[in-house]
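A.B. asks: Just so we're aligned, residue 0 is where the sequence shown starts under numbering that gives the first Met the number 0, counting upward by one.
These are computed hints drawn from the structure, not numbers from a lab. This structure is a prediction, so every number in the text was calculated from the model and none was measured. A couple of the hints might just be wrong.
[Said to hold, decoys possible] Restraint-style ranges between C-beta atoms, simulated for each label pair:
| # | residue 1 | residue 2 | range |
| --- | --- | --- | --- |
| 1 | I2 | L22 | 29 to 39 Å |
| 2 | V55 | G30 | 28 to 38 Å |
| 3 | P32 | T3 | 12 to 22 Å |
| 4 | R56 | V23 | 10 to 20 Å |
| 5 | Q7 | G41 | 17 to 27 Å |
| 6 | P35 | V55 | 39 to 49 Å |
| 7 | T3 | T31 | 36 to 46 Å |
| 8 | A1 | L22 | 21 to 31 Å |
| 9 | Y25 | R56 | 33 to 43 Å |
| 10 | R52 | G30 | 14 to 24 Å |
Virtual Cβ for every residue (Gly too), placed ideally from N, Cα, C.
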Amino acid sequence: MAITIKRQYALVYGLGVFFIFSLVGYKLNGGTPSVPWAVAGGLAGAALAVLVRRRVRG
């Protein structure tokens, strides 16, 4: 089964990456928020959203 990536959901994908990074950082930091992980997730999510918006057709 192929995964279909839709351009219209680029920001949702980026937000999902941000939440995953934040959750991992929270767990690794002993149950308290981790700013470096949140920043890294925000940057990775933004990069993913930009790439999807530019590269995916339709």
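A.B. asks: State for each hint whether it applies.
C.D. replies: Hint check:
1. I2 to L22: 29 to 39 Å: violated (21 Å)
2. V55 to G30: 28 to 38 Å: holds (37 Å)
3. P32 to T3: 12 to 22 Å: violated (34 Å)
4. R56 to V23: 10 to 20 Å: At roughly 32 Å between Cβ atoms, V23 and R56 fall outside 10 to 20 Å, so the hint is violated.
5. Q7 to G41: 17 to 27 Å: holds (21 Å)
6. P35 to V55: 39 to 49 Å: violated (29 Å)
7. T3 to T31: 36 to 46 Å: Roughly 37 Å apart at Cβ, these two residues keep to the hinted range, so it holds.
8. A1 to L22: 21 to 31 Å: About 27 Å separates the Cβ atoms of A1 and L22, which means 21 to 31 Å holds.
9. Y25 to R56: 33 to 43 Å: Because 36 Å falls inside the window, the suggested range holds.
10. R52 to G30: 14 to 24 Å: violated (35 Å)
Of the numbered hints given earlier, the model fails hints 1, 3, 4, 6 and 10; all others are met.
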